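Trainee: These protein sequences, in sequence, are chains A and B.
Position 344 (the first sequence) corresponds to 568 in the numbering used here; numbering is contiguous.
Position 156 (the second sequence) corresponds to 459 in the numbering used here; numbering is contiguous.
Just so you know, the hints here were simulated from the structure itself, not pulled from any lab data.
Do not rely on the hints blindly, as some may be mistaken.
Claimed, not checked - Across the chosen pairs, the derived CB separations fall in these ranges:
hint, chain 1, residue 1, chain 2, residue 2, range
1, B, LYS529, A, GLU459, 51 to 57 Å
2, B, LYS426, A, PRO348, 24 to 30 Å
3, A, GLN431, B, ASN475, 29 to 35 Å
4, A, ALA455, B, TYR803, 54 to 60 Å
5, B, ARG811, A, MET492, 32 to 38 Å
6, A, ASN366, B, ILE764, 40 to 46 Å
7, B, PRO445, A, PRO226, 38 to 44 Å
8, B, LYS703, A, GLY545, 36 to 42 Å
9, A, MET225, B, GLY534, 32 to 38 Å
10, B, PRO445, A, ASN294, 21 to 27 Å
11, B, LYS529, A, SER549, 33 to 39 Å
12, A, ARG503, B, GLU365, 54 to 60 Å
Claimed, not checked - Covered, in the sense of this in silico footprint (three residues per stretch, anywhere, with C-beta under 8 Å from a C-beta of chain A), are these stretches of chain B:
hint, segment
13, 394 to 405
14, 433 to 446
15, 449 to 456
16, 546 to 557
Claimed, not checked - Some chain A residues close to chain B (C-beta under 8 Å, calculated; not the full set):
hint, residue
17, HIS357
18, LEU359
19, GLU368
20, GLU371
21, LEU376
22, VAL379
23, ASN414
24, GLY415
25, ASP424
26, PHE425
27, SER428
28, ILE435
29, CYS519
30, GLY530
Remember, predicted model here, so these are calculated numbers, not experimental data.
Don't be surprised by glycine CBs; every beta carbon is placed ideally from N, CA and C.
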Amino acid sequence: MPTQNSKYAAVTIVSMRYLALARVTGHSFREHNPDTDFFIVLADRPIAHAFEPADSEFRFLHVNDLALDNAASVFFRYKELELSYALTPCVIRHLLDIGYQGVMFLKQETLVLESLDTVMSHFPDSSVLLTPHLLAPIGRNNGEKWELNVLLSGVFNGGFIGFSDTAEARVFLGWWEQKTLTQCFLDVANGLHFEQRWLDFVPSFVQSYTIIRDPGVNVGHWNLLDRDLKACDGEITAMGMPCRVFRFSGYDAKAPAYLTRYNKDISMDRIGDAAAVLRKYHKMLSDASHRETSCLSYAFGYFDNGVEITDAMRKAYIDVGTSVSRFGDPFETDRPGSFYEWLNSGSSQP
Amino acid sequence: MTLNRAAICTIACDNYLPFVRVLADSLTVHDPELPFFALLITEENEISGCSAPVNLNILRVEDLSIPETDTQIGVYDRKQLSASLKPAVLKHLLRQGYATVIFLDPDMLVTASLGQVISTVAKHSLTLTPHILHPAEAASIPGLEKDLLHTGMFNAGFIGVSPTPEAILFLNWWEKRLAERCLNQPENGMHYDQRWLDHAVGFVNHLHVLRDPGVNAAYWNLVSRKIVFDGQQYLIDGSLLKCIHFSGFDPGILPQATCYLQEIDIAQFGPLSALFYQYGASLTAQGWAGRQGVAISNKALAQNSEGYFEGPLTSADIHDLGKVKTKQKGAFSRSVIMAGKFTPANALSAAGIKKRLGWSDDEPWGVWSRGMYSDMLISLPDALHDDILISFLVQGFVPKQHPLQEVEVFLNGDFVAKWVFHKTYLPAFYAIRADQKACVNGTLVVGFRMVNPASPSALGISSDKRVLGIRLQGVKVEALSRHKNDRFQLILAITLRKIYVKLSAWFRNLAH
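Make a model of the complete structure from these sequences and hints.
Mentor: This is how it looks when you write it as structure tokens:
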């Protein structure tokens with residue numbers, strides 16, 4: 225049930241290890257949008273001692289609340305981050321189901337710096353809100369290289385999207401969910417980029433969508449060098465507009481000299497005033513106990529006997545195809561006919 | 304009224320001329336006042352057999368004021384070249400003062416007035432049509448979703464523009480990218496001109512996504528749509544069919560709808576299947592020369608090749624126009640589209656052609672030459688007073704172990720042409736022309752001297768010991784008189800156009 229006055233909800237998805245990122249995303253969102261409920265969906269098993277009293281400002285959901293079909297099979301097939309990404313459409317759909325008229329999804333490594341009223345004002349008339357990675361051709365040298373990169377990963381960024389509770393939004397979400405629950409992989413040669421590339425279909429499938437063209441919304445490593453970031457009296461601007469949403473996609477707190485692991489060209493000394501945002505974010509992460517939570521283990525990374533699940537095992541599981549259902553819960557080891565038993569039997573027969 | 308300031312355009316290489324004619328005719332029927340421009344990329348200004356509809360304005364690459372260095376004649380194949388010039392043509396027509404310009408692929412057919420579409424296009428910087436409009440449509444053809452992720456959300460067979468600054472900026476950017484990267488490399492984010500269009504959602508503020516099922520209908524969306532014929536017009540999901548895109552169309556494979564997908568039968572399109580047959584008939588009447596004469600996609604090539612192609616071709620090694628131009632000196636223009644009947648090489652005697660020396664046994668696809676020299680006798684009808692054009696659908700024996708084959712062609716013993724084949728070329732039409740003098744005694748002798756024939760056994764390919772030079776698939780013989788008037792009109796039109804271009808350039812200079 226939505227909290228009174230909160231017609232809309234904002235949400236992010238994390239495993240326990242990334243709880244501090246969700247805290248920063250959620251807290252910065254709430255600071256500037258205090259009337260909107262903020263949800264943290266745990267794509268993991270909750271670990272009670274990791275939570276702090278301040279977390280009461282968020283509403284927590286657990287993957288089991290989403291009531292997925294074959295949930296264990298979905299949790300097993302994906303790596304930690306893949307699962308968080310794969311759940312995006314289900315989570316948005318769930319929040320619409322429980323009564324919100326509009327849902328903003330913010331990927332876990334987001335910093336909100338201003339009110340998002342201008343964005344959420346498109347609810348509920350627009351079924352889908354999207355931000356393109358690029359608002360203009362890249363004029364720099366090798367611009368075409370980055371433009372092609374965006375074509376391979378999706379023209380819209382999946383880290384900041386909105387859905388209203390309309391019929392066409394639900395049709396899209398239903399289709400998208402089918403895709404992400406089975407094919408949320410990075411495989412650009414086959415047209416896949418986690419959950420993101422499917423968003424390219426929005427203008428085809430959805431009649432009333434809005435493309436947010438505010439240069440201050442969803443600034444990240446893919447457009448930062450073209451957005452003319454300036455810091456003045458603690459205010460950050462992008463092309464003269466207030467920077468509302470900054471995304472730290474690929475940011476590694478252990479390597480704070482770089483903005484992202486995806487592009488090592490973007491070091492602190494090359495990003496000018498954006499460095500101030502980066503320092504601020506780094507501090508916020510450590511205040512949110514990032515060091516402590518990042519040591520937490522990932523529940524879906526282990527069989528129930530404690531054996532770690534490797535990528536090769538996940539691949540073997542996926543390769544079995546649809547007949548995988550005969551294994552039942554793949555995490556279970558202590559029963560005949562389990563996936564674990566098959567894995568260790570040396571049999572090549574699925 | 305906006306229609307007065309609107310124009311339609313297309314681009315075609317020589318192999319697509321019949322499509323252009325059919326499109327032009329369809330436009331004349333439904334929007335006779337709309338000017339139609341066709342950028343023709345042929346080797347010469349020779350468009351033999353073109354019945355030149357009144358509204359057809361021919362553009363040449365040199366009319367487009369693009370620097371020579373920016374065109375890829377000589378690097379791109381025909382499909383790439385045609386695709387890469389779309390922005391230049393659109394910009395050219397906007398510069399001429401048209402307020403709305405719509406590009407249509409040559410294999411489009413107009414089935415109702417485009418007036419309403421033009422009004423919509425006029426209100427936006429850029430108008431694009433998505434391939435499909437609903438998730439259910441994605442599921443209607445196996446593999447379609449993945450195909451679209453690879454080839455792009457919007458179909459580049461329809462592009463609408465109006466002269467806003469952001470439209471011009473977009474066209475400039477698109478043109479620049481296509482100058483070097485009009486490639487078919489889905490794994491690198493490219494599918495000719497089309498994948499780049501996906502950036503329009505970010506780059507163009509006033510982008511209009513035209514979600515009308517009656518515009519750019521094609522096999523990829525027709526299978527899942529409700530099609531009704533009311534006796535005069537087609538309704539697609541309730542919307543009047545205005546233009547249909549016959550992508551991969553081949554009258555020879557009907558009722559298969561497209562050469563790209565075997566499983567799509569036009570019976571699935573209900574009443575619309577009649578239009579497919581009509582379109583096939585129109586194409587044939589306008590000189591359809593077989594799918595071999597059409598630039599097929601690399602994918603189709605990989606599927607269809609029965610010869611010695613080594614799978615998909617890359618842009619770098621594909622047959623290119625520039626080379627043909629120089630290498631085929633002496634041969635008649637390859638841009639000729641045959642109106643006469645094309646005879647398979649394994650049934651030539653029925654057409655009065657006798658394979659005399661140096662041929663292997665007939666095979667289902669045609670015949671191999673054998674040895675250093677092969678020739679044929681062509682009997683001509685009596686009382687012939689015109690030049691004769693003889694076209695051969697031919698490819699050399701060019702396996703990867705022996706990629707190049709040169710052939711000298713003789714007419715009645717006189718050297719007339721040298722043909723060069725490379726393993727990366729498609730089988731193509733090569734033509735020679737015989738004037739009246741050569742025809743006087745009623746029989747022509749066409750001889751082929753293979754400069755470097757080879758045998759599969761010597762090359763270690765198979766045990767086949769035959770010495771092979773060319774593989775001939777068909778021959779067409781036609782008198783050139785048939786199109787004399789049309790050709791005269793066309794040459795006149797082209798000459799006038801050239802004078803116009805020269806004069807306007809002169810005036811422009813004067814004005815400066």
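Trainee: State for each hint whether it applies.
Mentor: Going down the list of hints, with the structure as the test:
1. B:LYS529 <-> A:GLU459: 51 to 57 Å: Given about 55 Å between the Cβ atoms, the range holds.
2. B:LYS426 <-> A:PRO348: 24 to 30 Å: Because 26 Å falls inside the window, the suggested range holds.
3. A:GLN431 <-> B:ASN475: 29 to 35 Å: 30 Å, holds
4. A:ALA455 <-> B:TYR803: 54 to 60 Å: Holds - the Cβ-Cβ distance for A:ALA455 and B:TYR803, about 58 Å, lies within 54 to 60 Å.
5. B:ARG811 <-> A:MET492: 32 to 38 Å: Taking Cβ atoms as reference, B:ARG811 and A:MET492 lie about 53 Å apart, which means the hint is violated.
6. A:ASN366 <-> B:ILE764: 40 to 46 Å: At 43 Å between Cβs, range holds.
7. B:PRO445 <-> A:PRO226: 38 to 44 Å: Taking Cβ atoms as reference, B:PRO445 and A:PRO226 lie about 41 Å apart, which means the hint holds.
8. B:LYS703 <-> A:GLY545: 36 to 42 Å: 37 Å, holds
9. A:MET225 <-> B:GLY534: 32 to 38 Å: Cβ of A:MET225 to Cβ of B:GLY534: about 56 Å, so the range 32 to 38 Å is violated.
10. B:PRO445 <-> A:ASN294: 21 to 27 Å: 23 Å, holds
11. B:LYS529 <-> A:SER549: 33 to 39 Å: For A:SER549 against B:LYS529, whose Cβ atoms are near 36 Å apart, the range 33 to 39 Å holds.
12. A:ARG503 <-> B:GLU365: 54 to 60 Å: For B:GLU365 against A:ARG503, whose Cβ atoms are near 57 Å apart, the range 54 to 60 Å holds.
13. 394 to 405: violated (count 0)
14. 433 to 446: holds (count 7)
15. 449 to 456: Holds, because 5 residues of the segment 449 to 456 of chain B bring their Cβ atoms closer than 8 Å to Cβ atoms of chain A.
16. 546 to 557: violated (count 0)
17. HIS357: 7 Å, holds
18. LEU359: 5 Å, holds
19. GLU368: 6 Å, holds
20. GLU371: 6 Å, holds
21. LEU376: Given a least distance of 5 Å, the restraint on A:LEU376 holds.
22. VAL379: 5 Å, holds
23. ASN414: At about 7 Å, which falls below the 8 Å cut-off, the nearest Cβ of chain B leaves the hint on A:ASN414 intact, so it holds.
24. GLY415: A:GLY415 check passes; min Cβ-Cβ to chain B is 3 Å, inside 8 Å.
25. ASP424: 5 Å, holds
26. PHE425: 7 Å, holds
27. SER428: Constraint on A:SER428 satisfied, holds at 4 Å.
28. ILE435: 6 Å, holds
29. CYS519: 38 Å, violated
30. GLY530: Result: violated, 39 Å to nearest chain B Cβ.
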